[in-house]
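A.B. asks: Residues per chain, in single letters:
2 protein chains.
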Amino acid sequence: MPSKQTASTKNSTNKKTQQLYIGIDGGGSKCKAVIMDENNQVLGTGISGPGNPLHGFEQATNSITESALLALTDADLSNVNLTELIAGVGLAGVNLPVLFEQMSNWQHPFKQMFLATDLLIACLGAHQGADGAVMITGTGSCGFSYVDQKSLIIGAHGFPHGDKASGAWFGLQAAKQVLLSLDGLVAQTNMTTKLLTLTNCQDDVALVENIANKPATFYAKFANLVFDAAEEGDEVAKEIIAEGCAYITNVATKLWQQKPARMSMIGGLTTRLVDWLPTEISSKLSTPLSPPEVGAILFAKQQLVHYKSEKIAV
Amino acid sequence: MPSKQTASTKNSTNKKTQQLYIGIDGGGSKCKAVIMDENNQVLGTGISGPGNPLHGFEQATNSITESALLALTDADLSNVNLTELIAGVGLAGVNLPVLFEQMSNWQHPFKQMFLATDLLIACLGAHQGADGAVMITGTGSCGFSYVDQKSLIIGAHGFPHGDKASGAWFGLQAAKQVLLSLDGLVAQTNMTTKLLTLTNCQDDVALVENIANKPATFYAKFANLVFDAAEEGDEVAKEIIAEGCAYITNVATKLWQQKPARMSMIGGLTTRLVDWLPTEISSKLSTPLSPPEVGAILFAKQQLVHYKSEKIAV
Numbered sequence: 002m003p004s005k006q007t008a009s010t011k012n013s014t015n016k017k018t019q020q021l022y023i024g025i026d027g028g029g030s031k032c033k034a035v036i037m038d039e040n041n042q043v044l045g046t047g048i049s050g051p052g053n054p055l056h057g058f059e060q061a062t063n064s065i066t067e068s069a070l071l072a073l074t075d076a077d078l079s080n081v082n083l084t085e086l087i088a089g090v091g092l093a094g095v096n097l098p099v100l101f102e103q104m105s106n107w108q109h110p111f112k113q114m115f116l117a118t119d120l121l122i123a124c125l126g127a128h129q130g131a132d133g134a135v136m137i138t139g140t141g142s143c144g145f146s147y148v149d150q151k152s153l154i155i156g157a158h159g160f161p162h163g164d165k166a167s168g169a170w171f172g173l174q175a176a177k178q179v180l181l182s183l184d185g186l187v188a189q190t191n192m193t194t195k196l197l198t199l200t201n202c203q204d205d206v207a208l209v210e211n212i213a214n215k216p217a218t219f220y221a222k223f224a225n226l227v228f229d230a231a232e233e234g235d236e237v238a239k240e241i242i243a244e245g246c247a248y249i250t251n252v253a254t255k256l257w258q259q260k261p262a263r264m265s266m267i268g269g270l271t272t273r274l275v276d277w278l279p280t281e282i283s284s285k286l287s288t289p290l291s292p293p294e295v296g297a298i299l300f301a302k303q304q305l306v307h308y309k310s311e312k313i314a315v
Numbered sequence: 002m003p004s005k006q007t008a009s010t011k012n013s014t015n016k017k018t019q020q021l022y023i024g025i026d027g028g029g030s031k032c033k034a035v036i037m038d039e040n041n042q043v044l045g046t047g048i049s050g051p052g053n054p055l056h057g058f059e060q061a062t063n064s065i066t067e068s069a070l071l072a073l074t075d076a077d078l079s080n081v082n083l084t085e086l087i088a089g090v091g092l093a094g095v096n097l098p099v100l101f102e103q104m105s106n107w108q109h110p111f112k113q114m115f116l117a118t119d120l121l122i123a124c125l126g127a128h129q130g131a132d133g134a135v136m137i138t139g140t141g142s143c144g145f146s147y148v149d150q151k152s153l154i155i156g157a158h159g160f161p162h163g164d165k166a167s168g169a170w171f172g173l174q175a176a177k178q179v180l181l182s183l184d185g186l187v188a189q190t191n192m193t194t195k196l197l198t199l200t201n202c203q204d205d206v207a208l209v210e211n212i213a214n215k216p217a218t219f220y221a222k223f224a225n226l227v228f229d230a231a232e233e234g235d236e237v238a239k240e241i242i243a244e245g246c247a248y249i250t251n252v253a254t255k256l257w258q259q260k261p262a263r264m265s266m267i268g269g270l271t272t273r274l275v276d277w278l279p280t281e282i283s284s285k286l287s288t289p290l291s292p293p294e295v296g297a298i299l300f301a302k303q304q305l306v307h308y309k310s311e312k313i314a315v
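Protein chains in written order, with this note's numbering: chain W, 2 to 315; chain Z, 2 to 315.
So that you can see chain W by itself, here it is in the shape it has in the complex (with noise of 0.2 Å):
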């Protein structure tokens, strides 16, 4: 066995004497990937550009590759061929049996590539491979489980017909009470000043001009006006935050029907949302072990024993 390579030695000198893995997150927007050794050392990271094939395949294959080979150059290993990795590939989207098939069918650079998706990625992570369940209240929200081999999704479905108290989500509460406070139809609150002064609008007119047509990553640049709304004591965002709460409490009771070991909180609205959760909620969350990225290598390495031992059984 090969001595544990330390981030601070990093260099190719026994590249060849071990398994080199890539794990991969492919986001709406962004790509990250991780390079790590046979006992989990990270070698080297990359992050490139929208990795979700929802968005179109060709984007999303050229930003696996690129992270992957950012990731390599981070990681001195340039003279590493992307056809000697073994990758793990977590990816939004995959969960609809069209994307799988068209990502499954791609002619990938690397030397074998498991796919799945960015929610069992993210729960593998943060779990460090082992069952459990993550709620996840980035731009977007979900929530999954998986338990003994059986997974669950709650939400996932996107904006803004779902990805109830996601960052996107509360942005939105916010903009409808601002505008709705503007047309004088309920009370100014501090939330009215916070998002004119965000937005650099003196009305509801250069405000809807500001905000028409625009996607989920947008109007989640609204979510923290809302936490800090409400931290002032704002009751209205108070309301909008309650309400995102009483969701997330929903989410949560039934993914610990389904018996997790562990339930972590993941994405980038996080930090703000768990102070407001009810301690029976946010008392058994667990802190996430490792990122999504590493979740996929050791998806990959989990698929792979499965696999060897597929072959020794045939």
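You may find that some hints are simply not true.
Chain W side only, calculated, beta carbon under 8 Å to chain Z, not exhaustive [what the hints assert, rightly or not]:
| hint | residue |
| --- | --- |
| 1 | Asn96 |
| 2 | Leu97 |
| 3 | Gly156 |
| 4 | Ala176 |
| 5 | Thr190 |
| 6 | Asp204 |
| 7 | Asp205 |
| 8 | Val206 |
| 9 | Val209 |
| 10 | Ala213 |
| 11 | Leu286 |
| 12 | Thr288 |
| 13 | Leu290 |
| 14 | Pro292 |
Below, a list of computed lysine-lysine pairs in the DSSO-like style, where the Cα atoms sit at most 27 Å apart [stated by the list, open to error]:
| hint | chain 1 | residue 1 | chain 2 | residue 2 |
| --- | --- | --- | --- | --- |
| 15 | W | Lys112 | W | Lys177 |
| 16 | Z | Lys239 | Z | Lys112 |
| 17 | W | Lys177 | W | Lys151 |
| 18 | W | Lys215 | Z | Lys222 |
| 19 | Z | Lys31 | Z | Lys222 |
| 20 | Z | Lys31 | W | Lys215 |
| 21 | Z | Lys222 | Z | Lys239 |
| 22 | W | Lys151 | Z | Lys239 |
| 23 | W | Lys215 | Z | Lys177 |
| 24 | W | Lys255 | W | Lys239 |
| 25 | W | Lys239 | W | Lys151 |
| 26 | Z | Lys151 | Z | Lys239 |
| 27 | W | Lys177 | Z | Lys222 |
| 28 | Z | Lys309 | W | Lys177 |
| 29 | Z | Lys151 | Z | Lys255 |
| 30 | W | Lys215 | W | Lys177 |
| 31 | Z | Lys239 | Z | Lys177 |
| 32 | W | Lys215 | W | Lys31 |
| 33 | Z | Lys177 | Z | Lys222 |
| 34 | W | Lys285 | W | Lys260 |
| 35 | Z | Lys239 | W | Lys177 |
| 36 | W | Lys215 | Z | Lys285 |
| 37 | Z | Lys255 | Z | Lys285 |
| 38 | Z | Lys151 | W | Lys177 |
| 39 | Z | Lys215 | Z | Lys239 |
| 40 | Z | Lys239 | W | Lys222 |
Rather than coming from a laboratory, the hints here were simulated on the basis of the structure.
The beta carbon of each residue, even a glycine, is placed where N, CA and C say it ideally should be.
Starting from the structure of chain W, add chain Z where the hints point.
C.D. replies: Here is chain Z on its own, set in the frame of chain W:
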């Protein structure tokens, strides 16, 4: 004075003896034109594609011209040139200064063109040129009053951040509720079956594929099922309608504060909505007298009087 021309005697006999007017209602999905004579007699109508400059100047101006030419043909007045017509043009979006300026600078084909918002021509149409108020609930929603040359707009903010109680809003509420029910977070109701049937979907994954990234016009098609379900006793559908009606009640109350002589409710959702409104709101609604495109001509004639009196004054 020429005798009053009836629809059954459409011809161009006296086309040179009196001024003809064209009224345009340019909306997001279609552009409606009507030709009238000096005595407000309808001579012909035409319908073309989207006439809303929010979705493109060239398309809007092409649609306006096309609908006008179709109306001339319909009136058996193909030998009349657009340059002979005085036009009243009401367009969504021209409440935004940048679009008003762009449309005003259009090298239009008419003898004269008077430009107004779609809201003002709808209001003038509903009240036959007199002051009044309208609540519009179609794909979008808004309230508008025009009293003593002062206008008030409530809403008209667009989807999904505004347009509460509109067709798109009702449809989105249905989609949200059905997705929650398919996740088992709330009980399934009549709406669940109705929406899955309407979209020909088996489950939430198929439904999300069906509704993702769709515009307001798409969601508006789901509005009727909320009312159908409510009429069958669906409590959740009733709650959605109650929330929409509470909003419309607020808008109506604010509009009545402007002291309009009459208030009408117009738009495709009116017949479904009006029965669910509180009696104190619905009983005070008046039947609209003419459609918006006729209101556009009434607007042009009013402006013309103003214009001529200004000329005399100078």
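A.B. asks: Now look at each hint and say whether the structure bears it out.
C.D. replies: Tested hints:
no. : hint                : verdict
1   : Asn96               : holds, 7 Å
2   : Leu97               : holds, 6 Å
3   : Gly156              : holds, 6 Å
4   : Ala176              : holds, 5 Å
5   : Thr190              : violated, 17 Å
6   : Asp204              : violated, 11 Å
7   : Asp205              : holds, 7 Å
8   : Val206              : holds, 6 Å
9   : Val209              : holds, 5 Å
10  : Ala213              : holds, 5 Å
11  : Leu286              : violated, 19 Å
12  : Thr288              : violated, 26 Å
13  : Leu290              : violated, 27 Å
14  : Pro292              : violated, 26 Å
15  : W:Lys112 - W:Lys177 : violated, 50 Å
16  : Z:Lys239 - Z:Lys112 : violated, 51 Å
17  : W:Lys177 - W:Lys151 : violated, 38 Å
18  : W:Lys215 - Z:Lys222 : holds, 22 Å
19  : Z:Lys31 - Z:Lys222  : holds, 16 Å
20  : Z:Lys31 - W:Lys215  : holds, 24 Å
21  : Z:Lys222 - Z:Lys239 : holds, 18 Å
22  : W:Lys151 - Z:Lys239 : violated, 37 Å
23  : W:Lys215 - Z:Lys177 : holds, 19 Å
24  : W:Lys255 - W:Lys239 : holds, 24 Å
25  : W:Lys239 - W:Lys151 : violated, 36 Å
26  : Z:Lys151 - Z:Lys239 : violated, 36 Å
27  : W:Lys177 - Z:Lys222 : holds, 22 Å
28  : Z:Lys309 - W:Lys177 : violated, 44 Å
29  : Z:Lys151 - Z:Lys255 : holds, 14 Å
30  : W:Lys215 - W:Lys177 : holds, 14 Å
31  : Z:Lys239 - Z:Lys177 : holds, 15 Å
32  : W:Lys215 - W:Lys31  : holds, 18 Å
33  : Z:Lys177 - Z:Lys222 : holds, 15 Å
34  : W:Lys285 - W:Lys260 : holds, 13 Å
35  : Z:Lys239 - W:Lys177 : holds, 22 Å
36  : W:Lys215 - Z:Lys285 : violated, 38 Å
37  : Z:Lys255 - Z:Lys285 : holds, 14 Å
38  : Z:Lys151 - W:Lys177 : holds, 26 Å
39  : Z:Lys215 - Z:Lys239 : holds, 25 Å
40  : Z:Lys239 - W:Lys222 : violated, 33 Å
When each numbered hint is compared with the structure, violations occur for hints 5, 6, 11, 12, 13, 14, 15, 16, 17, 22, 25, 26, 28, 36 and 40.
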